[in-house]
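Heads up: the protein sequence lines correspond to chains A and B, in order.
So for the first sequence, the working numbering puts the first residue at 1; every next one is plus one.
So for the second sequence, the working numbering puts the first residue at 1; every next one is plus one.
No lab work stands behind these hints, which were simulated from the structure alone.
Note that the Cβ used here is the ideal one computed from N, Cα and C, for glycine as well.
One thing to keep in mind: the hints can contain errors.
Said to hold, decoys possible - Reference listing, derived: stretches of chain B covered by chain A, where coverage requires no fewer than 3 residues with Cβ under 8 Å from a Cβ of chain A: (1) 69-77; (2) 92-105; (3) 123-131; (4) 139-147.
Said to hold, decoys possible - Result set (SDA-like, lysine to any residue): computed pairs, CA atoms no more than 20 Å apart in a straight line: (5) K70/B - D36/A; (6) K180/A - K70/B; (7) K48/B - A53/A; (8) K191/A - K70/B.
Residues per chain, in single letters:
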Amino acid sequence: MNSSNLHNNIDNTRSMERAIIEKRDKSLISSACAGDSRSFARLVSFYEKKVRAFGMGFFKNSSDTDDFIQEVFIKVYAHLSTFRGESLFSTWLMRIAYNTAVNSVKRRKEYVSLSDDFEIIDGDLGPEDRQLRKLTAQAVREAIAELPERYAVCLDLYFFNDMSHNEISDVLELPVNTVKSHIFRAKKILKDSLAEYASM
Amino acid sequence: MNVEKCGQIMHDYLLLDRHEHVPLKITAHLLACKKCRTEVRLLTIADKACTKPLSIPVPITSDSITSIMKAVIPNYTVEEPVFNKVSLKRWVISGLVMIFAMLFFGINSYSQNSQIAVSVYLVFAAVITAYLALFVAGNMDFFIKKLKNLQISL
């Protein structure tokens, strides 16, 4: 398969995946709003890991993170009927998570990036994938070394939570261009690390 | 390949957002330049390796989901998923009926008109094909699970 086909296939698969996820979430939300607790449990099961990983950056311990996750999903459930579907459910959820985290009294003073803690995002990855993820985490760490907290969150949301520039800008209420420029810088560092890796 | 051009293409590529369509200019360059293609391939794999672990859902019956759900809805009860066992009884019976019918017809039609025999065998072949197609279509979950297990064991 040539590169052009590969890219088109990746693009198509990703947009299809997104459309399926959007449809799935909307259907679960309407069932949950109608009182089906199992549908809400399914929504929780899809997003628990993302909220947990996000919470760990703010609280840095499992106990406070557990409380944080519960608080987030209680808020989500209470306001589910107000979700209008203008953004993705994940964006809306992460906005609630971010506001909950920054307003929590239990949080650590500074945000610690996910790139500092691999255990939480450990998955079934092969050796090459693991190495590449390590390099990405290093690049993210390097890029956020001199950035204020909000930008560290921004890079984590992009690199680990699969969120777009606009979605991150919505969640953190930052200008899209600011988000873009920080992500671009991190990507550049990552590209250089990967070039070194490829030449080894 | 021109280093400056490669630099510009990679710059444009890195500016792309998630799920954004790769412009034709970049795609065309990637087709011709192996170095950039390798860099883009590694960036894509690195990206997948970072996002994949967080996108795997937690089982709905797990303790963490149950405790969240109990906090959200105090009277929430965990319902074990119901797995409908694939019943093969009906399939086995209809399969045996077909085999006996074919054997019976085969014995009876041995010395009869061969043209009738051929057309009846064709009918049998069509019935067997339909039977197998319906069996696979009706038990798709079973085959998908078997295939997944096979992939894991390989």
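Hints versus structure:
no., hint, result
1, 69-77, "holds (count 5)"
2, 92-105, "violated (count 0)"
3, 123-131, "violated (count 0)"
4, 139-147, "violated (count 0)"
5, K70/B - D36/A, "holds, 14 Å"
6, K180/A - K70/B, "violated, 39 Å"
7, K48/B - A53/A, "holds, 17 Å"
8, K191/A - K70/B, "violated, 45 Å"
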